[in-house]
Every structure is written in C-alpha cells, then in structure tokens.
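Number of protein chains: 2
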Amino acid sequence: MENIKSYINANKDRFLNELIALLKIPSISADSAYKNDVLKSAEFVRDSLKEAGCDNVEICETEGYPIVYGDKTIDPNLPTILVYGHYDVQPADPLELWDSSPFEPVIKNTDLHPEGAIFARGACDDKGQMYMHVKALEFMTSTNQLPCNVKFMIEGEEEVGSSSLSTFVKENQEKLANDVILISDTGMIAKDIPSITTGLRGLSYVEVEVTGPNRDLHSGLYGGAVANPINVLTKMIATFHDENNHITIPGFYDKVEELSRQERDDMAKAPFSLTNYKAALDIDAVYGEEGYTTNERNSIRPTLDVNGIWGGYTGEGAKTVIASKAFAKISMRLVPNQDWNEITNLFKVHFENIAPKGVTVKITPHHGGQGYVTPTNSIGYKAASKAYETTFGKTPIPQRSGGSIPIVSLFEKELKSKTILMGFGLDSDAIHSPNEHFGIFNYLKGIETIPLFYKYFTELKAK
Amino acid sequence: MENIKSYINANKDRFLNELIALLKIPSISADSAYKNDVLKSAEFVRDSLKEAGCDNVEICETEGYPIVYGDKTIDPNLPTILVYGHYDVQPADPLELWDSSPFEPVIKNTDLHPEGAIFARGACDDKGQMYMHVKALEFMTSTNQLPCNVKFMIEGEEEVGSSSLSTFVKENQEKLANDVILISDTGMIAKDIPSITTGLRGLSYVEVEVTGPNRDLHSGLYGGAVANPINVLTKMIATFHDENNHITIPGFYDKVEELSRQERDDMAKAPFSLTNYKAALDIDAVYGEEGYTTNERNSIRPTLDVNGIWGGYTGEGAKTVIASKAFAKISMRLVPNQDWNEITNLFKVHFENIAPKGVTVKITPHHGGQGYVTPTNSIGYKAASKAYETTFGKTPIPQRSGGSIPIVSLFEKELKSKTILMGFGLDSDAIHSPNEHFGIFNYLKGIETIPLFYKYFTELKAK
Chain A
0 MENIKSYINA NKDRFLNELI ALLKIPSISA DSAYKNDVLK SAEFVRDSLK EAGCDNVEIC
60 ETEGYPIVYG DKTIDPNLPT ILVYGHYDVQ PADPLELWDS SPFEPVIKNT DLHPEGAIFA
120 RGACDDKGQM YMHVKALEFM TSTNQLPCNV KFMIEGEEEV GSSSLSTFVK ENQEKLANDV
180 ILISDTGMIA KDIPSITTGL RGLSYVEVEV TGPNRDLHSG LYGGAVANPI NVLTKMIATF
240 HDENNHITIP GFYDKVEELS RQERDDMAKA PFSLTNYKAA LDIDAVYGEE GYTTNERNSI
300 RPTLDVNGIW GGYTGEGAKT VIASKAFAKI SMRLVPNQDW NEITNLFKVH FENIAPKGVT
360 VKITPHHGGQ GYVTPTNSIG YKAASKAYET TFGKTPIPQR SGGSIPIVSL FEKELKSKTI
420 LMGFGLDSDA IHSPNEHFGI FNYLKGIETI PLFYKYFTEL KAK
Chain B
0 MENIKSYINA NKDRFLNELI ALLKIPSISA DSAYKNDVLK SAEFVRDSLK EAGCDNVEIC
60 ETEGYPIVYG DKTIDPNLPT ILVYGHYDVQ PADPLELWDS SPFEPVIKNT DLHPEGAIFA
120 RGACDDKGQM YMHVKALEFM TSTNQLPCNV KFMIEGEEEV GSSSLSTFVK ENQEKLANDV
180 ILISDTGMIA KDIPSITTGL RGLSYVEVEV TGPNRDLHSG LYGGAVANPI NVLTKMIATF
240 HDENNHITIP GFYDKVEELS RQERDDMAKA PFSLTNYKAA LDIDAVYGEE GYTTNERNSI
300 RPTLDVNGIW GGYTGEGAKT VIASKAFAKI SMRLVPNQDW NEITNLFKVH FENIAPKGVT
360 VKITPHHGGQ GYVTPTNSIG YKAASKAYET TFGKTPIPQR SGGSIPIVSL FEKELKSKTI
420 LMGFGLDSDA IHSPNEHFGI FNYLKGIETI PLFYKYFTEL KAK
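Protein chains in written order, with numbering that gives the first Met the number 0: chain A, 0 to 462; chain B, 0 to 462.
Straight-line distance between alpha carbons at most 20 Å, and here's what the computed EDC-like set of lysine to aspartate or glutamate pairs gives:
no.	chain 1	residue 1	chain 2	residue 2
1	B	277	B	426
2	B	356	A	281
3	A	361	B	281
Calculated directly from the structure, the hints in this document are not laboratory data.
Chain A with its partners taken away, still in its complex shape (with noise of 0.2 Å):
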C-alpha cells in the first residue's frame, strides 16, 4: 500500500476528531433511557461508511437495536471481507471513579502512551477499534487501493449478548457471503509485541437449586438430622474438581482438543510474568490444573468456576436457619470440539447422579456457546501475519484467549467462513471498567495494519 503513512500524518486530527465525536454518543445498549444515542450513533456510522466509500448502506432494522450494513463490490471474481463491529458501549458507572466524563473524550498522556489516550467509554471497546476498519477503507478508496470487495456489518447489541445478530446472520447469508471475516475486538500483548487471537473458550452456563426440607427449619431443633442444601450444595460442588483440579464430570474431557508441544512452545513465547501477575492481584499463589502453565490454564483448557452462591440468612448478624433451598451460578469455560450443549447435559446428568438422599436438585441452563479456533496455516492468518510484520516489523504470535466470543462460531456456522481477530487494544485500556481508553499509537497503527491485511489476502487467495 502506497503512502499509507503520510495519509495517515495528513489526517491524523481528523481521523481523532472523528472518533470523539462519535464517542461523544452515550450508546449504552443496556439501558433503554440511552435508546435514542443507541440510534443517533447506529446514523453515525451509517454515514462514516458512505463517506468512506461504501456503495449500499444501510441501517437494517431488527427487533432490538439496528445492523448497519455497508458495501463495496470492486469485482465479483475478487474476494470478499466481511468486517465486523459494534457502535454500543457498556454502562459507564462507577461514574465516581472516573478521572474524566465518560462521554466527554479527552485526550491525555500517560506513561504507556506518551503520544497520547483517547479516554471515553467505548474508546476501545469498540468504538475506536471499529472506526480504525471505517478509516483503512478510506484509505483505500480515496487512494484507489482497495484490493478485494468489502462488506460492514456493524451492530448495537454487542454488549447485551447481540440477541438480534443470530436471525439477521441466518436471514441474510448471501448478503453476507464472504472469504473472510474481520473483527477488531480483542486485544494485542503489548504495545509493541502483536498478537492474533487465535483460539477463544466456548461456555456452558447453568444455574442449579438444591432443595432439602419444605420449608426453613431452626437450626437447634433440626441441625444435624437433616440434609442441609447448602452443606450439601458446598460439597456437591467441592466434587467437582480433584486433586490435580481435573473436572470430574465424566465424559467432560473426551473432545478436548490436545495442543501439540510445538503449539504450547509457540504459546509460551509470549511475554509473561508470574511474579507481576500475582502482584496485579494481591494473591500469593496461582491455582489451577495441574500440568498447565497459568496461560495455558486460562485459555486451552476448559474450566468449571462458580459464578454466584447464595442461600440461607446473608443479612446483617446471626440468624440460626437450616434454609429450605440454596442456589449456584456455575459456568464452564470450554475449548475447541467440546460442543456446549453436551457439556451442559452432562453437567446435569452428573449433578443429578451425585445428588445426595434428602435433597432434590434442579438444573436450569442458562446459555452457552462453542469454542473457536482458527488454524495459523490458514490464508487469513497468513496475512493478518504478514500485515502486522510490515507495520510492527514483529511476527505476531498467536495468541489463544480464555474469553469467549459466541459470535464467531455462529459465523463459521452460518456464513462457513473463519474470523481473523486482529485486536489492537491492550490489557491496560480498562475495558469495561472506569477510565477506559485507546492509545492514540494503536488507533493509528491499526489504521495502517488493516490494509495490508487486504493486499495480503487477496494476493494469497490469488495464489
């Protein structure tokens, strides 16, 4: 891609001012008091796309909040990339712990960025990962460069589990059609070492509800010659790793994908250290599986963690209770092959089965969604790859991520074409949390990135 920086130099405020303004709109999905900037940033992207080059946008209407949708068709005998992001944000509060108004983006220096952080909610999630693929288009057009054909498809429910995304995919599969998906929504390691995510968890979560006597019951006068759901509850659960912190549900291990050693080697490439990481969290030991790295525990192997537990008197003081029921939240984190409907059924075989006399147990599945993995000797990884060597002069390593993102495997499922996450934020943007914000480095260095991955892609399709 020819100037590529100097455009990049030559618009530089704008491509800023752009994204603030756009981040100046309180998008928060979850809230419907927000309904009208939901909206008012859906029209904003809209137009970003036509003024950046795109032939037919639209903003598709869904029963919750719209998909805009955007293309540009080049040459149909040309491959095509579908681009995905999202114009909604996450609530902002704790308000109070925010140094400046989450809806008034400031721009400030601070020791990992020097040049700059755009501090704004959704300034990285997604907002400003999502314009920086709006901005490489332009780019590419203004300069006649674009290689390939491109489609955007930008939603307003991401962080409210995208519940309109899953019919509009299945509704809308020519339109979508494609070679390849592209997603800037997860992070790189650091500033200066790219990464691909290459591998996300998939999730099983269920809720379960352990029932004892048919009512509460004074502890005096029953303690000990009854069953007590929450000592029993407490138990159940305690079963469920032995150990060496191997799940004990049978079967729950049979499809999990086992990494090559060369595969965990490349891994552990990555930077990491331990000592910091239990700094970061006031612990003094990690904990986990045994025979597993702490990276490796928290991205390719699947995991059972309670998510919530009550049950009983949780007020103020004592209340001396034997509670009729008692209640877990229980998600498991899976890997690739592990299909999250079966892991879920044989969770709830296997908490039936070890349900002791005295209770009853009920099982209630929540939601779930499978793992995902895409193979680094594919043609998309391949150029994600090579893009990144150009601009960071670094082979990026690849980078499996103990999150999930169901998403991506509706994707494979409905359109049968992979996802290349090529994330540019990193751990220290505060994502979800107060202050969040995107360096100004990484905003640009993924406008530079991004168009690469075109040239490359559509050169080794060609091949």
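Please build the complex by placing chain B on the supplied structure of chain A, with the hints as guidance.
Showing chain B alone in chain A's frame:
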C-alpha cells in the same frame, strides 16, 4: 395441694379472660413501633403479680425493656423458687397467613384441642406459659398453701436476645438468690405424654470470609488460573464433615458428653415416627452422624451447619464473574461440657489451617452460649417428675432439646442454681409462626401441675 382442681374449675373463665387481655397487647420487642405496647405489657405483668400475692413488685429499668420483678417470702429458712418468663412476643408477620388477627385472641376447637385453644401471638410463647405461673401462685396464696418462697423475673427482650438480662442478673445476685429456677418456655412430647427438658445445646456462630483476587475478575480471562473464592469456600466447608458425617475440626469432640446406653434407651422411649418426620418435611431420607438416631442427632450430638452463604453474582440471568470474596455464616450446636469460646477458637484455627494458597480468610465470631444439662437425679428434676406423675398419671420422659437457651447457662453461672424446664406447649402450637395457639387443656394443666412442683421441691429439700 388441696382443692386445686375445684379452684381451677371455679376460676377457669377468669383465667382465660385475663390471659386474653394480656394477649391483646402487641408487645413485639423487635419492632420499635410497638414500644408503648411492650411497656404496657410489663405493667400488666406487674399488676398481675401484685394481685396474685407478691409482696414486693417492681418494674426494673434496664438499657432496653424493663424486667418485672416480684417476690413473696414466707420464711427465710424455706427454699426459694425463681420463676423466669418473658412478656414480649415475636413479630406476627406474615399477617396474611393468620386465620384470625394475631392480637385479637379467639378460642377455637381443633382436632387436637376439642376443649378449645387460644389463638394469638404469644399464646404459648411465652405469655400463656408465663401466666400459668402467676395463676398457680394466686391459687397457693389465696388458699394459704404456698409452701416456700418465690421470686418472679419476667423480661421483655427474650425474642431479641435478652441483651439487658445478663447485666441485670450479674448486678442483682442477692436479690435473685434462689434454690432452683423454674421456666415454662419449652414443650412437651404430646398432650398425654409429659416430658421435662433436661438438656439444651450450646452454640457457636461465626461468619467467614474468603478473599482471592483483589477485585472481581472476568471468568473467561482468569477462570481456571486463579483460586476462585467461592469454589475454595465450598471445598473448605465440604471438608468439615467426613464420610460418616463426623465433624473434622481437630479437638471438636474432646469434651463431648457421651451418654450411657441407659440414658439413650430412656430417650428412645419418646414416641417418634421417622415416616411422619420425613413426610412433614417432604424429604425422602434423613441425614446425619453415623451411629446415632434422628432424635440423638438433634439433641445430644454437636453439629455444624451453614446458615447462610453468598458470593459473586446472584441476580437474574448470567454474569461471567469470578468474585473477589465469598462469605458464609456457620453455626455449631454444642453439647454439655463443650465450651463455646473454646470451640469458636478451634474453628478459627482450623479454618485458617485449611485455607489453601491463593486466598486469605477472615473469621468473625458472632455470638454463642454454653450447653446445659439438668441431672435427672437432682431434687428439682425429681420434684418436677413427681408433679407431672400426679397430674398426668404418667412419669415424664427426660428430653434433650436441640435448641439453645443461653440464659439458662447464664443463670447457672451467675446464680449458681439449676433450671427446671417444665414446658406445657406442643410442637403443633406454631410458636414464631402464623396461627400460634395454646391449648386450654395445656394452660389449665400447667396451672394444676406447677403448685405440685413447689410442694414436692420443698418436701424433698427438707429431707
């Protein structure tokens, strides 16, 4: 005692009407909106004691609600009985579950009480049972049959923890000096099976807090790699009982009183239907310490129960969080000879010892009390037994209660005397629940039996 039956017969309606007048006063000590009613109740008791023949009657102010004191000394060389009771009542909610208004007493016939029962909050606990003692005194003084000295101490904070009573007892040891303490605030096995509560369990109540990472974490990014405080807490709680449901805290059983085979056989005479017990609680099995029956498990054996647990996300739906902290309220019921302070300390040391790396723990003792036992060979027990034999025609069954009445061990410690628990209530009286009631049969039988205790106690004491 001469003419007691005819005296009761002649005064039956008045005895009922006086109790009904007392029950009409909503003396709910837990709710400050009823402050004036609680005080009015104290005045009612004061006036009743005067009318029943007490010489010195006074309302003794405390930091909380007053204690009504009254006495009648006929001869300093004769023994003195101290009667304890309380004039405050539990809150009445849920009001919608009452068939009649809780403070508008009504007499209704039931299957168990064809001769009628008084329905009202406090009917049994403890206004009805306390007022039996006032009417028993009236009988003895008005017929010149009082065989010994008597003191009354009726408090107004029993339902909120008797917080002023301890100071009052400590500061008035001479005034309260006695040979035996008599309380009717417990139950009997069945309407035709008298029983005497000979043992109460002690209590140690603690709150525990487990802290892992210094903030709530995303379960996708950290799940499986750090100790989850909820998982850790459940694992710690699960280890408190072994496979036989013995408690595993080192030293916990060291001082536990082991009953003889004979004592256990006596206890086993109490009628008990496991089928009915399970049906009443809707459970398919009981649960508890190996080697003991249900009635032993909830009376002569110490226990450990979680009374409340909480941590993480407990709202609707799902949140993939790893909580920074998890909490539980845990109580241990103790048996005679186990010191609650010592047990609390054993718990604390053990909980700290079993905490794994990666978390810190904090243990906060809430409160506690010693267990209590009255030997069946004591003069007090023998006098009570003989009194029941006379009025019921049956030897009462000595019964251990699983509950705790901390004031009983306070009395023993400060006043150096044993307490006799002559309860006339029934399990079905619904104390602390909607539709509390007290059988007229039980009320009058109490008035008939109590004077006999005075008589036999004085006689046995003189031997």
